[in-house]
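J.: So you can see what is in the structure, the chains are spelled out below.
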Amino acid sequence: MKRIALLGMPNTGKSTLFNRMTGASARVGNWPGITVELLTGKILLGSDMVEVIDLPGIYDLHGFSEDEQVVRHFLHENVPDLALVVLNATQIERQLSLLLQLRQLNLNMVVLLNMADEARKFGITIDAGKMSEALGIPIFLLSAKYGSGYPEALQAATKALRYTTPGMAEQLRDQLEQDEYIESEMARVLQHSVQVPARMSDNLTTQLDRLMLHPWLGLPIFFGIMFLLFQAIFFFGQPLQTGVGMLFTWLHDAALVPLLSSLPDALQGLLLDGIYNGVATVATFVPIIVLFFLFMAIVEDTGYLSRAAFLMDALMAKMGLDGRSFVMLLMGFGCNVPALMGTRVMRSRTLRLLTMLVIPFSLCSARLQVFVFITAALFAPKSAALVLFSLYLLSFASAILTALLFKRFFPSNEPFVLELPPYRFPTLRQMVLRGWHEVHHFVHRATKFIVAGVVLVWLLTHMPPSAAPASADTWAGIVGGWLHPLFAPTGITPELTIALIFGFVAKEIVIGSLAVIYGLSGHALTNELAGQLDWVQAYSFMLFTLIYTPCLSAIATLRSESKNTGFTLVSILWSLSLAWLVSITFYQGARALGY
Amino acid sequence: MPAVALSSLTPGEGATIVAIHTDEPLHQRLLAMGFRTGKHIEVIRKARFSGPLQVRIGTTDILVRKNEAEQIKVRKV
Ligand SMILES: Nc1nc2c(ncn2[C@@H]2O[C@H](COP(=O)(O)OP(=O)(O)O)[C@@H](O)[C@H]2O)c(=O)[nH]1
Numbered sequence: 001m002k003r004i005a006l007l008g009m010p011n012t013g014k015s016t017l018f019n020r021m022t023g024a025s026a027r028v029g030n031w032p033g034i035t036v037e038l039l040t041g042k043i044l045l046g047s048d049m050v051e052v053i054d055l056p057g058i059y060d061l062h063g064f065s066e067d068e069q070v071v072r073h074f075l076h077e078n079v080p081d082l083a084l085v086v087l088n089a090t091q092i093e094r095q096l097s098l099l100l101q102l103r104q105l106n107l108n109m110v111v112l113l114n115m116a117d118e119a120r121k122f123g124i125t126i127d128a129g130k131m132s133e134a135l136g137i138p139i140f141l142l143s144a145k146y147g148s149g150y151p152e153a154l155q156a157a158t159k160a161l162r163y164t165t166p167g168m169a170e171q172l173r174d175q176l177e178q179d180e181y182i183e184s185e186m187a188r189v190l191q192h193s194v195q196v197p198a199r200m201s202d203n204l205t206t207q208l209d210r211l212m213l214h215p216w217l218g219l220p221i222f223f224g225i226m227f228l229l230f231q232a233i234f235f236f237g238q239p240l241q242t243g244v245g246m247l248f249t250w251l252h253d254a255a256l257v258p259l260l261s262s263l264p265d266a267l268q269g270l271l272l273d274g275i276y277n278g279v280a281t282v283a284t285f286v287p288i289i290v291l292f293f294l295f296m297a298i299v300e301d302t303g304y305l306s307r308a309a310f311l312m313d314a315l316m317a318k319m320g321l322d323g324r325s326f327v328m329l330l331m332g333f334g335c336n337v338p339a340l341m342g343t344r345v346m347r348s349r350t351l352r353l354l355t356m357l358v359i360p361f362s363l364c365s366a367r368l369q370v371f372v373f374i375t376a377a378l379f380a381p382k383s384a385a386l387v388l389f390s391l392y393l394l395s396f397a398s399a400i401l402t403a404l405l406f407k408r409f410f411p412s413n414e415p416f417v418l419e420l421p422p423y424r425f426p427t428l429r430q431m432v433l434r435g436w437h438e439v440h441h442f443v444h445r446a447t448k449f450i451v452a453g454v455v456l457v458w459l460l461t462h463m464p465p466s467a468a469p470a471s472a473d474t475w476a477g478i479v480g481g482w483l484h485p486l487f488a489p490t491g492i493t494p495e496l497t498i499a500l501i502f503g504f505v506a507k508e509i510v511i512g513s514l515a516v517i518y519g520l521s522g523h524a525l526t527n528e529l530a531g532q533l534d535w536v537q538a539y540s541f542m543l544f545t546l547i548y549t550p551c552l553s554a555i556a557t558l559r560s561e562s563k564n565t566g567f568t569l570v571s572i573l574w575s576l577s578l579a580w581l582v583s584i585t586f587y588q589g590a591r592a593l594g595y
Numbered sequence: 001m002p003a004v005a006l007s008s009l010t011p012g013e014g015a016t017i018v019a020i021h022t023d024e025p026l027h028q029r030l031l032a033m034g035f036r037t038g039k040h041i042e043v044i045r046k047a048r049f050s051g052p053l054q055v056r057i058g059t060t061d062i063l064v065r066k067n068e069a070e071q072i073k074v075r076k077v
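Order-wise, the sequence lines are chains A and B.
By the numbering used here, the letter at position 240 of the first sequence is numbered 240, and the numbering carries on one by one without gaps.
By the numbering used here, the letter at position 44 of the second sequence is numbered 44, and the numbering carries on one by one without gaps.
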């Protein structure tokens, strides 16, 4: 099958073009010579199926960044039959340098000057015909987002594919480094074919930025936007998640239980409470991921994410992070899983890993449910708000501490030079496709891991069959017994230790597991907890719940996004140790003070 | 006019790039972003608390951190 590779600088619209070409059929795949996965899709072009590959954006064919190495290795190992070079027409003056570098590789190329709509709006005129003549490469104007010029571009690609690739000239490096050659070539090509107005006239962007990046108002507006986003995800996500949960419960009660009732109890438990619950856990994340990325598509595509970087950089740079990390951290307060996936916008791997190490400390909505329940059980209504607020503060503090401690192990290897694009609004199609791709990715990558984890915890809390579920005689109870010397000094009781083992799967089930452990629910459970624990123990338990591993889905995501089991283990171990240290310090401190 | 650091310009000021003294990876990235000697550059705004600068070269707006902008020498026009 013939291969078409999309090449170009970041933010030129490669993904937009790729999505237009392949629709929802794109898949991630591995390629020889490189370690990262690339999106590919198969399409019918003319009468042949061809494979389209979306390569990472590069600034310079000889750059030092990871993406630049990936592209070099890819081109070396898998010479494409056609390179579709995507350039941003509004920045043609500087992007031409990459094209000139690529031209020297002797690849079979078609150049697409994307964002033709914006170029027109900004008063930039480009004579594609003249430019094509000057360079000896077919060049077309295109708007990947709105589709104008797309049929012509496809036709040109089809035509170019009929010729075989000349192959790549070796030993080009020396020649390529002749900057002067590139500069004089740029001037020659641009002279006759491009006219740029003396001043850019994107009034909308200038005016919006005057407000959004205002010295005093910029930060309050930023936090306002984040708050709204967060509320929106919560507002729409909660009912959807509940809905999916109810659907699965209904299916469980109405169909599966009667269907499986003839099987032995243990097998029933394994199938229903283990495997089926695992699948249901995956499913409840689907609506929240879709919603999150619908909104993320807006924040990213409008260009606001770069503005957030501008506003927050002074603070975040001290922690070895950048403004985009901060946005993901904040979004993590809704749900850690999509926030971890969202770090993919950061192209520096070390920056991304450090951000992923920090996000799990965000107090997500699942943990909030636990805290609301326990606070209601053990604290007077007037101190409840203060308790919750203190937990939010501690969540930030743990994140900051982690960043400060670990930043030297993750020194950023990528220069921080971000482009500030003009404000744009994504089309509905772009938003929906984004949501779809991310959900597909999550379900594909995380399902096995999550189901296995849920089954494991089910086994721990239900085996041996002679023991009452979640009691001290189960394996979980036995493990809880071993751990008791470790947990006693934190004030966490053996019953609560078993709840923490459940909480490893998902924080949503912690309260439910307490109900199983005590054999009580609702008010009776509240009263039992209030009788068994004092507030110091309860707060210590909440601290541990806040800081230790958020849930199995977060671990699965950490693992699939970092592709590094060692890193995932470090993250789990660190959060467990920190949780233990904070709980013990608090508990012993409070007791020493006489509480 | 003597050359000064890009970071010393105030918002609204324009200048010509005379030298880039950064390390190699950053230098290469800056080149690709359009930072070449002789090019006109304008500081649009500066973030608070010694944060990054927003600069404009041709039709591209770019964020650079303050300590990196110190390594770029310009001559005011
Ligand atoms: N106005 C306009 N915007 C576009 C066009 N193509 C892409 N974009 C936008 O440019 C931004 C970057 O596009 P993306 O496909 O993510 O670029 P990539 O980094 O090269 O993959 C997004 O906000 C797109 O919506 C276009 O033809 N016209």
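Everything labelled a hint here was simulated from the structure, so no lab data went into it.
Any given hint could turn out to be false.
Part of the chain A face toward chain B, derived, beta carbon under 10 Å [as the list claims (entries may be wrong)]:
1) E68
2) N88
3) Q91
4) V196
5) L204
6) D209
7) L211
8) G218
9) M312
10) A314
11) F416
12) L418
13) S471
14) D473
15) W475
16) E528
Every value quoted in this text rests on a predicted model; they were computed, and no experiment measured them.
From the three backbone atoms N, C-alpha and C, an ideal C-beta is built for every residue, glycine too.
J.: Are the hints correct? Go through all of them and say.
T.: Hints and how they fare:
no., hint, result
1, E68, "9 Å, holds"
2, N88, "9 Å, holds"
3, Q91, "5 Å, holds"
4, V196, "6 Å, holds"
5, L204, "14 Å, violated"
6, D209, "8 Å, holds"
7, L211, "12 Å, violated"
8, G218, "8 Å, holds"
9, M312, "8 Å, holds"
10, A314, "3 Å, holds"
11, F416, "6 Å, holds"
12, L418, "4 Å, holds"
13, S471, "55 Å, violated"
14, D473, "58 Å, violated"
15, W475, "52 Å, violated"
16, E528, "50 Å, violated"
The structure fails to meet hints 5, 7, 13, 14, 15, 16 from the earlier list, while all remaining hints are met.
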